[in-house]
Amino acid sequence: MSVQTWTFIIVGITFALYIGIAIWARAGSTKEFYIAGGGVHPIANGMATAADWMSAASFISMAGLISFMGYDGSVYLMGWTGGYVLLALLLAPYLRKFGKFTVPDFIGDRYYSNFARTVAVACAIIVSFTYVAGQMRGVGVVFSRFLEVDINVGVGIGMAIVFFYAVLGGMKGITYTQVAQYCVLIFAFMVPAIFISIAMTGNVIPQFGFGGTATDGTYLLDKLDGLHTDLGFAEYTSGTKSMIDVFAITFALMVGTAGLPHVIVRFFTVPSVRDARKSAGWALIFIAILYTTAPAIAVFARVNMINTVSGKDYSEMPSWVTNWEKTGLLKWEDKNGDNRVQYYNDKNESFSNSVAAAKGWKGNELTIDRDIIVLANPEIANLPAWVIALVAAGGLAAALSTAAGLLLVISTAISHDLIKKQIKPDISEKGELLWARIGAVFAVLVAGYFGINPPGFVAATVALAFGLAAASFFPAIILGIFDKRMNKEGAIAGMVVGILLMLFYMMKYKLQMFGGGSSEDWWFGISPEGFGTVAMVVNLVISFAVSRMTPPPPEYVQEMVENIRVPRGAGAAIEH
Amino acid sequence: MANKDLKQYWKTNLRYLAILLSIWFLVSYCFGIFFVDTLNNIRIGGFKLGFWFAQQGSIYVFVILIFVYVHLMNKLDEEYDVDEK
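Taken in sequence, the protein lines are chains E and H.
Going by the numbering used here, the first sequence runs without a break in its numbering and finishes at 717.
Going by the numbering used here, the second sequence runs without a break in its numbering and finishes at 101.
Hints in this document: simulated from the structure, not taken from any laboratory.
All C-beta atoms, glycine included, are put in the ideal place defined by N, C-alpha and C.
Misleading hints may appear alongside valid ones.
[What the hints assert, rightly or not] Chain H stretches covered by chain E per the calculated footprint, using a threshold of three residues with CB under 8 Å from any CB of chain E:
1. 27-37
2. 42-48
3. 53-66
4. 74-81
5. 86-95
[Unchecked claim] Calculated pairs, EDC-like style, for lysine to aspartate or glutamate (alpha carbon to alpha carbon, straight line, at most 16 Å):
6. K467/E to D624/E
7. K20/H to D97/H
8. K23/H to D454/E
9. K382/E to D53/H
10. K27/H to E703/E
11. K625/E to D250/E
12. K20/H to E289/E
13. K23/H to E700/E
14. K472/E to D510/E
15. K488/E to E376/E
16. K651/E to E661/E
17. K20/H to E703/E
18. K625/E to E661/E
19. K27/H to E100/H
20. K651/E to D662/E
21. K27/H to E376/E
22. K467/E to D291/E
23. K23/H to E95/H
24. K625/E to D510/E
25. K364/E to E376/E
26. K625/E to E700/E
27. K500/E to D479/E
28. K503/E to D479/E
29. K23/H to D357/E
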């Protein structure tokens, strides 16, 4: 059977499964819609959190990114896992004890202020939208490559599926579909990785395989370092970013992860504080399976790729090269007219002027979009057609599960945090549920629009969503739990200054507004991706200073803080 | 529960956090970033140690840290009788 037939079959089966689960898990109350009734088993919640968290970016792009960045790619590996330690130790148990529905709920109640709540709603919506557009785009890319439909039709199909189970099932539907999606995506990620590891190193476990020896007896990583130096790149295991920037980016990603509303809200769905702690641990185990495999795939793909193309005659290129050329994600241009593929680092001047010039190379001829590494990997390694189809289904599972989680945050922000808490407090349960569904419809449509017409800034800002979360939510929540003296004046000032500073830096250096600037002008040598760390520190300092100059929070708020610090009496999330 | 006990409970909790987060910082930032070049002189099989910590080791330690925390806190909750019944 052809790859396309296999893809139709496997994607069809998984979609039928998601829809089946959605019908089985319809939500009847707001509590079920927002937090799945608060009765999700910690292991199931761990899986759902992992699927929620691992987006199209983790599944499709990350291994490719690492493959091109080498050691520098560690920022994503550590940054996107280390945040779970912060979540488990500093946030999840206390927010579960607090026992409401959303992050703006916590900010609004803890800082006894509707203004603080509104600021939190705005931050949640900004962060979630920048993130969700990228997911819809990922769905479109997978559809267009594997099912050969138009990218827009692909986005449309994705919207219809998410629409179905998010609007119908709310958090309950989403949670159980995410459990299924996790199984699909991890299976799809591991199967090719294990195949390739066996083929290249003889080791079944990819995590060990990439530290092993290749068929010629040299260590794979040494071989790759050698290939890199021969082509004018920095050694794979060393990288090129400055230490301060690597530190700042890693830290911003960690703190940002812990501050993302769609991740935090998952810990409201478990029955107890004890389960919230445990659930974070399970989530990280499920995530770590993919995250420790990704760097192995990166190395395998890099070695394979260089060996397949470098210096070879174009007529010898395998079929995956021409397949991906059609999508425009891989380009070859014969600059020196010798009909061979020269792939090297033409930005390295001394290399270009010596080695490359002596060989008659006239610039790098092959450009490869990093997003295709994971998707093309099974083809590069000559794996059977069903494995390729499986990877397509995995990519879709990753994108859909994250999109659904984000859409829920947006719909909850509208129905619960805006309508119920601010505009119309006497709204009935049924009315609120209706608004939640309307909010979900609205969010799906906007996300679909951005998926079809991606504005130029989306790609640039998805990574920055973490910076925004780090600069706004994280300090406000941490201080709300660990500093009893923190008051609304301090928290609001910190959040507003933090997110504005982050937005300013992002616009200045990413979008070239406010005079723009190049990497030489970065403050302290920190890139916009890492600037969330600075903005977070500024937020902390301002919150602290302002709170000490203004009156302490009222007695009942201080009691509330005392109360969330101990697990007893958590019970089910409070209905309201 | 008496206020004094509560203070003691919270203090112990903060001490656990300080210890666990120090380890968290050590394996990721110290081993994986600040001293990566030094550690890279040590090799385990095909891995340079610093590189291994940055792309593998730190993640394994993160998982262990969370489960140690879960265990410690469950014990502490029982000791101070603040666990959920």
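Here is what the structure says about each hint:
no. : hint             : in the structure
1   : 27-37            : holds (count 4)
2   : 42-48            : holds (count 3)
3   : 53-66            : holds (count 6)
4   : 74-81            : holds (count 6)
5   : 86-95            : holds (count 4)
6   : K467/E to D624/E : violated, 57 Å
7   : K20/H to D97/H   : holds, 14 Å
8   : K23/H to D454/E  : violated, 73 Å
9   : K382/E to D53/H  : holds, 13 Å
10  : K27/H to E703/E  : holds, 13 Å
11  : K625/E to D250/E : holds, 14 Å
12  : K20/H to E289/E  : violated, 68 Å
13  : K23/H to E700/E  : holds, 13 Å
14  : K472/E to D510/E : holds, 9 Å
15  : K488/E to E376/E : holds, 15 Å
16  : K651/E to E661/E : holds, 13 Å
17  : K20/H to E703/E  : holds, 12 Å
18  : K625/E to E661/E : violated, 41 Å
19  : K27/H to E100/H  : violated, 20 Å
20  : K651/E to D662/E : holds, 12 Å
21  : K27/H to E376/E  : violated, 47 Å
22  : K467/E to D291/E : holds, 13 Å
23  : K23/H to E95/H   : holds, 14 Å
24  : K625/E to D510/E : violated, 49 Å
25  : K364/E to E376/E : holds, 10 Å
26  : K625/E to E700/E : holds, 9 Å
27  : K500/E to D479/E : holds, 11 Å
28  : K503/E to D479/E : holds, 10 Å
29  : K23/H to D357/E  : violated, 62 Å
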